[in-house]
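J.: As given, the protein sequences belong to chains A and B, one line each in that order. Each step along the first sequence adds one to the number in numbering that gives the first Met the number 0, with nothing skipped, and position 143 is 142. Each step along the second sequence adds one to the number in numbering that gives the first Met the number 0, with nothing skipped, and position 155 is 154.
Hints listed in this document are in silico derivations from the structure and should not be mistaken for laboratory results. The beta carbon of each residue, even a glycine, is placed where N, CA and C say it ideally should be. A hint or two may mislead.
Straight-line C-alpha distance at most 20 Å; calculated SDA-like pairs for lysine to any residue [said to hold, decoys possible]:
#1 A:K290 with A:L215
#2 A:K208 with A:K290
#3 A:K208 with B:A11
#4 A:K208 with B:P36
#5 A:K208 with B:Q72
#6 A:K189 with B:Y86
Restraint-style ranges between C-beta atoms, simulated for each label pair [as the list claims (entries may be wrong)]:
#7 A:S139 with B:Y12: 46 to 56 Å
#8 B:L69 with A:A123: 13 to 23 Å
#9 A:S139 with B:L69: 33 to 43 Å
#10 B:Y12 with A:W219: 15 to 25 Å
#11 A:S36 with B:G311: 38 to 48 Å
#12 A:G205 with B:T119: 23 to 33 Å
#13 A:L133 with B:Y12: 18 to 28 Å
Far from chain B, by Cβ distances over 12 Å, these chain A residues were calculated [stated by the list, open to error]:
#14 L44
#15 R87
#16 P192
Residue-level listing of the chains:
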Amino acid sequence: MNVATLTRQNPTVTPAVTPAVPHPADAPPLSKRVRASPRWLLQRLALGLTLLFLVLPVAFLLATSFKSRDEVLSGYFFPLAPTWLNWRTLLSVAPLHLNLLNSLLVALLALFITLAIAVPAVYAVVKLRHGQRLAGWLLSSYLSPPVVALLPLFFVWRQAGLTNSTFGLALVDGLSNVPVAFWLLRGFFKQVPLALDEAAWLEGVGPWKTLWRVNLPLIWPGLTATAIICLILSYNEFLFASVLNSRPDLRTITVAISLFEGERVVNFGQMAAASLLGIAPVYALALWFQKHLIGGLGAAATLEHTRRQP
Amino acid sequence: MTQIQISGLSKAYGPQPVLHDIDLRIEPGEFVALVGPSGCGKSTLLRSIAGLEQTDRGSIHFGTREVTHLPAQAREVAMVFQSYALYPHMTVYDNLAFGPRQRKEPEAQVRQRIDKAARTLHLGDYLLRYPRQLSGGQRQRVAMGRALVREPRAFLFDEPLSNLDAQLRVQMRAEIRLLQRELGTTTVYVTHDQEEAMTMADRVVVLRGGRIEQVGAPLTLYDAPANEFVARFVGSPPMNLLRARLQPGRLQLGPDLHVPLPAVGPGLADDGRWLNLGVRPEHFTLASDAADGADASLPSLPLRVQGIDHLGSQTELHGQVLGAHDEHRILVRLPGRLSVAVGDVVPLSWAPRLQHLFDLDSGVALSVPRAA
Numbered sequence: 000m001n002v003a004t005l006t007r008q009n010p011t012v013t014p015a016v017t018p019a020v021p022h023p024a025d026a027p028p029l030s031k032r033v034r035a036s037p038r039w040l041l042q043r044l045a046l047g048l049t050l051l052f053l054v055l056p057v058a059f060l061l062a063t064s065f066k067s068r069d070e071v072l073s074g075y076f077f078p079l080a081p082t083w084l085n086w087r088t089l090l091s092v093a094p095l096h097l098n099l100l101n102s103l104l105v106a107l108l109a110l111f112i113t114l115a116i117a118v119p120a121v122y123a124v125v126k127l128r129h130g131q132r133l134a135g136w137l138l139s140s141y142l143s144p145p146v147v148a149l150l151p152l153f154f155v156w157r158q159a160g161l162t163n164s165t166f167g168l169a170l171v172d173g174l175s176n177v178p179v180a181f182w183l184l185r186g187f188f189k190q191v192p193l194a195l196d197e198a199a200w201l202e203g204v205g206p207w208k209t210l211w212r213v214n215l216p217l218i219w220p221g222l223t224a225t226a227i228i229c230l231i232l233s234y235n236e237f238l239f240a241s242v243l244n245s246r247p248d249l250r251t252i253t254v255a256i257s258l259f260e261g262e263r264v265v266n267f268g269q270m271a272a273a274s275l276l277g278i279a280p281v282y283a284l285a286l287w288f289q290k291h292l293i294g295g296l297g298a299a300a301t302l303e304h305t306r307r308q309p
Numbered sequence: 000m001t002q003i004q005i006s007g008l009s010k011a012y013g014p015q016p017v018l019h020d021i022d023l024r025i026e027p028g029e030f031v032a033l034v035g036p037s038g039c040g041k042s043t044l045l046r047s048i049a050g051l052e053q054t055d056r057g058s059i060h061f062g063t064r065e066v067t068h069l070p071a072q073a074r075e076v077a078m079v080f081q082s083y084a085l086y087p088h089m090t091v092y093d094n095l096a097f098g099p100r101q102r103k104e105p106e107a108q109v110r111q112r113i114d115k116a117a118r119t120l121h122l123g124d125y126l127l128r129y130p131r132q133l134s135g136g137q138r139q140r141v142a143m144g145r146a147l148v149r150e151p152r153a154f155l156f157d158e159p160l161s162n163l164d165a166q167l168r169v170q171m172r173a174e175i176r177l178l179q180r181e182l183g184t185t186t187v188y189v190t191h192d193q194e195e196a197m198t199m200a201d202r203v204v205v206l207r208g209g210r211i212e213q214v215g216a217p218l219t220l221y222d223a224p225a226n227e228f229v230a231r232f233v234g235s236p237p238m239n240l241l242r243a244r245l246q247p248g249r250l251q252l253g254p255d256l257h258v259p260l261p262a263v264g265p266g267l268a269d270d271g272r273w274l275n276l277g278v279r280p281e282h283f284t285l286a287s288d289a290a291d292g293a294d295a296s297l298p299s300l301p302l303r304v305q306g307i308d309h310l311g312s313q314t315e316l317h318g319q320v321l322g323a324h325d326e327h328r329i330l331v332r333l334p335g336r337l338s339v340a341v342g343d344v345v346p347l348s349w350a351p352r353l354q355h356l357f358d359l360d361s362g363v364a365l366s367v368p369r370a371a
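Using the sequences plus the hints, can you model the full thing?
T.: Set out below in structure tokens:
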């Protein structure tokens, strides 16, 4: 069970942090003197340790996925006799491709729900100056552990016929990600000067169109970053998925991995292979959008600042 | 051409009042400047007219139509912002076309109006550029172009020139004024620069602490300020004030220092009350310049010169009036060049009709006959 716990938590942390490691091409060429300085050494050491911390679980998974059942118990890090067996038999043991598809479907649907609520809400709070207290309330709701909401949610969802439903799970994920999206987007919207909105309103353009035509084009990188984070959060979600959707054909990948069983006994090698398969889409997404993620979260302050007189 | 009528308008941010019972009528086609120190409420008043601020009490009418509770997008006014507020992701052309397109106006008509505005503002060469590729002055023109294309009921300007350098500012002042005359559109112009207000506006509204101190034509404010605040705010450098005591036929400025007071207006008894005597720096003359220099009906004060600034066409003297109750410095601006040295004592004079008297406590101007 330990390995499963690791894989569940790992992707949440890793994609957001991995891009922070500077790309070699971005770094200015260093002279020999600078390279040898203690400061440089210390920096490299810190970077190396961080990288090790992040990479170790994945490396362990990779190594384990090539070990035979007996070798897993031997305790060596590297497989002594690497085998493809775990990977070859993976899909015959569990319908992982189906679980992956379920996860993606839930994550995309949840993202749609999150943005449909969070984007207009942020615009109303930041630009129309309505419901200022909403920000605080949203945050407080996010601070409590999700397990608190589990029981009431389960009963309400069962009553409404939303258990064992892709949409039902997406609704929970989508709603629970609204505070995250709200707080991320709030910063981006605040960078768009209010005067731009006011100029649009005075031209006879209503708030919806102003949001769509003036604000969204300007916060596009931030919106993309927010969307990726929400996607990953939903994709990695385990608690609600395990309780609300118990039907095997609706299982998401996180639940499938946690329930992973071999033919007779737990096969850790196969579990490791399945875990790697599960985190692959998230890693790919984070890598693909690396630029957007950094650019968006790094808060491009390229907009002209505007001053408002009291 | 729209008349703007503001009646009893009040607004407070929490316990802090920003606008206090404002009554103001702006005539159709008129150019009115709102001026005052920062925090006086001038921008809030402008934004209330635009519909960008909610007000607590009072009403705003455009012509006969009440707009007090109308949202900004329904008021059909155009505003030029201090920051220009150009959409950074659109070209100049798209910036100008954004409003009309969103209002679903026919493209051909939009193009025609943009062409006309671009010609008026010399923007023809920049239509395909982005705002970040333009200089401050060009951005300012685009912001004005956007207002022109709108064909609004009124132009609202919120310190539009304060981000430009001094030379461009003076040039744009004249252009805006000329444009407004040609179009005849009612205009409200906010500025903290009294000179800008004086040179551009038909009428100037001086605000302080959310209240209107005085409304009038630029020269009226200069010649007949209603109170000490307006007297010192309008005109540059500001008017000098000297504490004085009213006595029969004269003002006592110090134990042994008197100036004649030709005639006292009604309501101003010779009762020995204290007041402030105001004389603008440019209204002083050297007593020796006056014929004979012995005219007893003209006031004369000895000024100890503490500083001299040569401006070329003018000379500014800083100094103290010897023997006065007041010890603070006064500023004198005299035409031409003077051969005066620091430490000299020069006799100052002025035409009594150009002096102002203000109540010491309230600062209200006291009526004085203005006969020459």
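J.: According to the definition I'm using, a residue is off the interface if its beta carbon is farther than 12 Å from all beta carbons of the partner; does P192 of chain A meet that for chain B?
T.: At roughly 6 Å from the nearest Cβ of chain B, P192 of chain A sits no farther out than 12 Å, so the non-interface label is violated.
J.: Holds or violated: 46 to 56 Å for the Cβ distance of S139 of chain A and Y12 of chain B?
T.: 27 Å, violated
J.: Find the nearest Cβ of chain B to the Cβ of R87 of chain A and say whether that gap is larger than 12 Å.
T.: 51 Å, holds
J.: Is the Cα-Cα distance between K208 of chain A and K290 of chain A 20 Å or less?
T.: 28 Å, violated
J.: Go ahead and decide if the range 15 to 25 Å is satisfied by the Cβ distance of Y12 of chain B to W219 of chain A.
T.: For W219 of chain A against Y12 of chain B, whose Cβ atoms are near 34 Å apart, the range 15 to 25 Å is violated.
J.: Within a Cα-Cα threshold of 20 Å, do K208 of chain A and A11 of chain B meet the stated pairing?
T.: 30 Å, violated
J.: Return holds or violated for the Cβ distance of L69 of chain B and A123 of chain A against the range 13 to 23 Å.
T.: Between L69 of chain B and A123 of chain A, where Cβ atoms are some 20 Å apart, the hint holds.
J.: Taking the minimum C-beta separation from L44 of chain A to chain B, is that value above 12 Å?
T.: Given that every Cβ of chain B is farther than 12 Å from that of L44 of chain A, nearest at about 42 Å, it holds.
J.: Tell me if the straight-line CA distance from K290 of chain A to L215 of chain A falls inside 20 Å.
T.: 18 Å, holds
J.: Holds or violated: K208 of chain A with Q72 of chain B, Cα cutoff 20 Å?
T.: Holds, at roughly 12 Å.
J.: Would you say the C-beta atoms of G205 of chain A and T119 of chain B sit inside 23 to 33 Å of each other?
T.: 29 Å, holds
J.: With a cut-off of 20 Å on the C-alpha distance, tell me whether K189 of chain A and Y86 of chain B pass.
T.: Holds, at roughly 15 Å.
Violated hints, listed in ascending order, are 2, 3, 4, 7, 10, 11, 16; each of the other numbered hints is respected by the structure.
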